[in-house]
Amino acid sequence: MPLWYGGDHNPEQWPEQMWAEDVALMRRAGVTLVTVGVFSWSRLEPSEGRYDFGWLDRALGLLADAGIGVDLAVPTASPPPWFSLAHPDALTVTRDGVRLTHGSRDTYCVSAPAYREASLRITRVLGERYRGHPALTMWHVHNEYGTPCHCDHSAAAFRAWLRRRYGTLDALNDAWTTAFWSQRYSDWEQITPPRATQYLPNPAQALDFRRFVSDEMLAHFREQRDVLRELTPGVPVTTNYVMAGWASVDHWKWSREVDLVAIDHYPSGQGMAAAEQSAFAADLARSWAGGRPWLLMEQATGYVLGPRVTPKEPGEIARHSLQHVARGSKGVMFFQWRASRGGAEQWHPGMVPHAGPDSRVFREIRALGEALKRIPAPPDGPVLDAEVAILWDEEAWWAVQGPGLPSAEIDYLSAAEQAHRVLWRQGVTACFAHPSHDLTACRAVLVPSLYLISDEAARNLAAYVEGGGTLVVSFFSGIADEHTRVRLGGYPGALREVLGVRVEEFRPLAGPVTLTDFGAATVWSEVVHLHGAEAVARYPGGGPAVTRHRFGDGTAWYVSTRLGDSGYARVLARAGLTGSGVPGVEVVRRRDLVFAINHTGDEQPAPVRGIDLITGDPVPGVLRPGECVVAAREDTGGPADPRAR
Amino acid sequence: MPLWYGGDHNPEQWPEQMWAEDVALMRRAGVTLVTVGVFSWSRLEPSEGRYDFGWLDRALGLLADAGIGVDLAVPTASPPPWFSLAHPDALTVTRDGVRLTHGSRDTYCVSAPAYREASLRITRVLGERYRGHPALTMWHVHNEYGTPCHCDHSAAAFRAWLRRRYGTLDALNDAWTTAFWSQRYSDWEQITPPRATQYLPNPAQALDFRRFVSDEMLAHFREQRDVLRELTPGVPVTTNYVMAGWASVDHWKWSREVDLVAIDHYPSGQGMAAAEQSAFAADLARSWAGGRPWLLMEQATGYVLGPRVTPKEPGEIARHSLQHVARGSKGVMFFQWRASRGGAEQWHPGMVPHAGPDSRVFREIRALGEALKRIPAPPDGPVLDAEVAILWDEEAWWAVQGPGLPSAEIDYLSAAEQAHRVLWRQGVTACFAHPSHDLTACRAVLVPSLYLISDEAARNLAAYVEGGGTLVVSFFSGIADEHTRVRLGGYPGALREVLGVRVEEFRPLAGPVTLTDFGAATVWSEVVHLHGAEAVARYPGGGPAVTRHRFGDGTAWYVSTRLGDSGYARVLARAGLTGSGVPGVEVVRRRDLVFAINHTGDEQPAPVRGIDLITGDPVPGVLRPGECVVAAREDTGGPADPRAR
Amino acid sequence: MPLWYGGDHNPEQWPEQMWAEDVALMRRAGVTLVTVGVFSWSRLEPSEGRYDFGWLDRALGLLADAGIGVDLAVPTASPPPWFSLAHPDALTVTRDGVRLTHGSRDTYCVSAPAYREASLRITRVLGERYRGHPALTMWHVHNEYGTPCHCDHSAAAFRAWLRRRYGTLDALNDAWTTAFWSQRYSDWEQITPPRATQYLPNPAQALDFRRFVSDEMLAHFREQRDVLRELTPGVPVTTNYVMAGWASVDHWKWSREVDLVAIDHYPSGQGMAAAEQSAFAADLARSWAGGRPWLLMEQATGYVLGPRVTPKEPGEIARHSLQHVARGSKGVMFFQWRASRGGAEQWHPGMVPHAGPDSRVFREIRALGEALKRIPAPPDGPVLDAEVAILWDEEAWWAVQGPGLPSAEIDYLSAAEQAHRVLWRQGVTACFAHPSHDLTACRAVLVPSLYLISDEAARNLAAYVEGGGTLVVSFFSGIADEHTRVRLGGYPGALREVLGVRVEEFRPLAGPVTLTDFGAATVWSEVVHLHGAEAVARYPGGGPAVTRHRFGDGTAWYVSTRLGDSGYARVLARAGLTGSGVPGVEVVRRRDLVFAINHTGDEQPAPVRGIDLITGDPVPGVLRPGECVVAAREDTGGPADPRAR
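Protein chains in written order, with my numbering: chain A, 1 to 645; chain B, 1 to 645; chain C, 1 to 645.
Please note: incorrect hints may appear among the correct ones.
Chain B residues, not near chain C, derived (Cβ > 12 Å throughout) [unchecked claim]:
#1 F53
#2 L91
#3 G103
#4 P134
#5 S186
#6 K373
#7 A569
#8 G581
#9 A632
Listed next, with one range per pair, are the computed distances between beta-carbon atoms [as the list claims (entries may be wrong)]:
#10 A20/A with R165/B: 26 to 36 Å
#11 A219/A with E48/B: 38 to 48 Å
#12 R374/A with T516/B: 36 to 46 Å
#13 P403/C with R165/B: 36 to 46 Å
#14 P88/B with A20/A: 55 to 65 Å
#15 A24/A with P88/B: 37 to 47 Å
#16 A573/A with E21/C: 38 to 48 Å
#17 P88/B with S268/A: 15 to 25 Å
#18 E117/C with P88/B: 27 to 37 Å
#19 G552/C with I611/B: 55 to 65 Å
#20 P88/B with L488/C: 30 to 40 Å
#21 A20/A with G167/B: 26 to 36 Å
#22 G519/B with R633/A: 52 to 62 Å
Example chain B residues on the side facing chain A (calculated, C-beta under 7 Å, incomplete) [said to hold, decoys possible]:
#23 G97
#24 R99
#25 R184
#26 R195
#27 G306
#28 P307
#29 S407
#30 D411
#31 S414
#32 V486
#33 G489
Quick caveat, the hints were computed from the structure, so don't treat them as lab data. Each residue gets a CB set at the ideal place from its N, CA and C atoms; glycine is no exception.
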């Protein structure tokens, strides 16, 4: 099966006379799949119950005639103005009680009955109209779920969710430690979302609300999915995850419900940092998909985060795309096909820029389409072998975004990114695992500042090490239980035994200190007592900073401070984790193919041999700056990604 | 006719026994005009319909007896507390839905019927009482219009304004690109002001709301003006514009409605920067007045913007005042006569400071009054010749303050200020012109990052160059149409032909780069293709950065990045725009007079000859540091300010 | 009487099986007093009118059996969730009109009738139940009063307060200068708290609202106190003041109403800065207590303010505690006994840390308990002699936090801290005095940027100097009257005569300048004219910067700018204020004892002799780094603290 190639196509933004020209351009570019209708609700249903499908019929017809598939959207991410006017109670309310208005996107409360009903109606109508349409390839429900609401509908749904979770108020009061600050609830009706309050909020309430928001949105997704599955069995139903600093939903849970994991990826860094972030995002997506193929649903031809929108440098569009394909994406999709003239995102880059097809960007898009035709999509089943797992848990991330922690500089995302980046630079392709996953197949497991660890996960990690595994734990991991309650008796309560240490005090750092090994340490330090472990590096005052502990048949390392990349790499090396890569030359073995991408500005010895699928020629001895090659794989892999079994 | 001299006089803030002393002090200072009653509504109408004019009668009587004229205010900028209590629906609502309360000033919704009615009532009562009063010299409506409101009254008025502007919803949907993010309106009632919403707002909606606010306030002004014109024909009616970073209203439109353009000017810089800003503000005011005289209604004896309030340095009060007079101000007015003891602006400097008349400031005020007696007011008609025009359009400024632009560092005001400053330093007195104005008389036209240019304006600029003009366009000009829709096919869509270039990509800069000429470039760069133009300077990568294009009988320059002052000056020099001035020694030729102001701390050769009107002595060969002279003009001017015809 | 020792004990946060263990640990630590029930309302009254005292009975019983006293709290600082649900009108409203919700603490309006009634009910029920309880040692009303509310209940109470204060609207309009910006009130109903408004608010309104908030909370306190006094005569009633940068209430006024002044102290600095702040806070507390004993009700074993929570360094807990005891605290109390597992402040350090009793912190707590047993509590009556007074007035501080001042860098707290710190380093123990206090016994009086001074206070200061006193006034003192109205005719209006200067202009500084003496000056400068005073140091331009004036039998110094610590110290030295201390070695003479604390990291000559009460051994000749000794006092004191008479 070929790779999908394309992007969001929004014909409703353009005069109808341009549509055929657009389809012709798509064919020139090698486009095979477009996402249509993500933000078309107000056009499809101009007023309540009155539908206008003519334009969509014509647009889909043109695409079908050209052999281009359609990822057809259920447009629930942006209800029309008439809906907001008719149902002000279904508008989002902020934690300060401000009822937002339409005029942007995502101005709904996912718990509002009117919104749920309207969502189901438009989904059913679309499903009934387009089932069997020759272009229909996939359903795309909503867009980047993740907008919380604090209104009374949300409050009622939150309470219902809490009743299901806790059963009794006593259990909730205990889990939330409501004894602190006189917050004990005597009736379910007293509970609200974490709205604006006087001073620090309750961290367990804040965490449960984020869990609830994720579950509530998932319920909304499942409602649409079930309608679509009923109407069009066999057509996969997906939704596009937003990859961002705010961790909108619990992606492990969601990935059990979608037919295809799909992500939107916009790097916040540029150059090498963008390449690192692309690999990170792609490995996350594949891990969420259980090690199996997934789809890059959105990326951009430029950099859109940060204070400046800039085009990607020549070649970057292709390199980032191939990073995703190498790691299991079934295609390369962009937001959006054609850069908008107007509207809030008129400066978001497109496959066809404002300048039109006579442009470097479009020429690169065409060349990329040409290349992708020659690379097969990843077959079903495990995409690649990944021997090292990084623990990923959005609940723990949410908890560390909570109020009142001992340092505002503890950052789960950057700790996970560091772990991944250091491996990537050494040519080690990592996967991500939930703390409760079976880890026995992993050569090593890295735990990056995972504040919150359940009893079950703690037992899982201990069993993994006992069975011979290598565990590398970073500071502020295993501190709290799943209700954000600190585990007592010495930190890190969940991991004291396996690590063979007992931490008596945290001493966050204002500036750097230098360890006896591994270089500078920042952000954090601890008073560590050895209870079986040995000190591998020490703080200036002599206390253990990095420790190693034989436990059962395995070894558990503890890094009680934040190291620089090179220091952390040296810890991993001491733990036996080294790769053979050339920094910046990415090599990924995807089943029977090898992808090699030279992210550097220099020529590099080619790390693979054979015929390059892209050029059809033998892989040369040297990769040019920025060059990518894809060749048949010669070696056979080690143990597969543990998530892919 | 003599120049006016004075300031805001607020007798209601002081015990009545001080009033006579104040009038005597005014006479000592040479005061001829005072603004009275700007914030007196609650004193004039202590409760609804009950008036107390006795104190104002007595205050105006004292002034009339002393031969001091009165700029009598209609006090609508600050409704009394009783009004807010009776009409909470007439209080300002923020975009977040917060209904502001009284307790400051400007707490009204200009669209609220109760406010409009109350405004008209107090205006009529004042007009009827004081028509024919011997002191009545001018009417001063409101104060510094510019406070937007987002309430339902505003929403209804905004919708009515939109119906008038667009006629049909289809036209509005098209202009606003509501196809993006499902914002298509199917009923006028669905439209609101740009209130708090989830994420980026619609830029066209945001721009139209600013246009509406300007027009709605202008309607309020016109209502009061018409009452006053009816009651006191022949007495000019004005309002004072606030000159600030936020561009409150569309001053070109407003200036067609006032009998006298009046501005308030408070420099944000100090020293030489304050002098530059004074010249900028005065040239803007004169341009708005069609090149004819206008009035500096407010300035201060100290610097009030920024983190510190400080007195102006010795001599600065006079120098800034004469800058305005040289550029056409009919007087020199201050806020306020006497610094307040209490209230929110008790630390705003006055003509009489807290220390009282025995003070440096008051001595300078007296000396300035003495000097102004000897300088005639500018006669009606064109004030001076200004051969170089800078394009000024507040609509374009508003658009560039909108959401989601490719760089947050694009700043129209600073671009316009740079253009003006560079000319000022070379002794070139510039004017400002709207993009649609007749520019044929201009030696050159500078276009400073004018994002939004209409088709009509684009044709105007092309015709200007074709006819032999010199156009210097800075980056990010001519990008969007009047609905903020990007012009496609290559930037800058509105000016590609006249500039002979096609810009394929924008590449905002994070740091500086050095061009082959004109020095360092910051903020912005572009991929420029030459289509008839030639490259005058190039980026480090070799692409054109500054270009020149012969077009018809004229020449169009394009500066695709932000240059430093000296680099921009060198571009202007290459375009033939050089002056003969000594930096910091300002020379302005106002009809038959020459004003020379030495802003430097050094002695400078006197640039004029003849008798100094201020001293009555011959102008010495050398200007002392800070010295100002005014002499009869010997030469004859070139072409007049094109706006003055 | 022995010193109290203990902290907040919150048994309701822990399983009941841990309570006995906790009490045993307390005995090991030498704990004699615990505060119980501060945040227990929702546990004590789970729903309206239904009480659950069983747990508290058992907890107090355990304590009584162990001989540990109880500071029993009236839990009004955090109403239960049921209360908020039943009385939404009693929730706090922000100035923006956001009605806060429960979920933190302090979510009440102190003026809401429902809250006042519920407060009285729970107070009476508690008082009735526990009067005569053997453990009951003290009543602890509320917690850290200081949360303002802007709701309609507050507005009504504010208006009633204003009527009592001003009698007539004319008086209020005059005091508030409502003539500015048309704010004149014609009916009491028009007046509101300073809610969100368009622009700068009225500074007099803002100040009076802060006075009102303080008085309104004091009325709430007095209501509970009166119930408790009625039920348990003889048991002292207190409340714990929060010492913070925002000056919650008027502590001079409050201290007349409490039976025991009690403060919570959390230093924002660390190391030597924390020691300086501890001395500052303790001297304030003693001064509020009229020079008599008081109580340190809360401190922490770590640093909790700022971006990082860190443990105190070894020895600091004891050193800070002894600083307070030396200055008159009747005990050493902490928040809290045991660090919480969950809740918003789970990372607030405790006497028993998360790591448990096997920890450095708990070992220090035990050692401190041991030491405190050997030091007697301060007897009733004056604690110590303090010859130098620093003027302290929270009303003046509030005024300087108001809008629109000439510099945002004027900071009363840091000015007062500098004055205190400079004396502390020289071994001079200072006290604080209200500007209207009798100062005749003071060797010197320091006035740190006291913006607002009443006529009465001005006369008091003049009389003090006339009678032979030494006054050292820092810039921006005596500028305004009690209604924030500037005193005219030259600054500082209230102090011109006694200082012998007239200040014509303020010239806030953007950067430092160097004076002819006393080093660098920052933040502020003035144009000072000498009217009897002589210049002791001058600005670079030659104007007087520091002046001295013989007035009557005394001398008044004026420092018209901000000096560095060493410069200010040299001014004090010139004014005759020097001590004999070794910097960092604190020596405090408390009646018949001398406390010596070596805050430095070096050995220091012991400044006292005799038997160390802590060790029972003779004081060695040298204090080790960080060492504290307490010995009998040999010398006899000078004049006592003037507040202690």
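query: Looking back at the numbered hints, which does the structure fail to meet, lowest number first?
result: 2, 3, 11, 15, 17, 24, 27, 28, 30, 31
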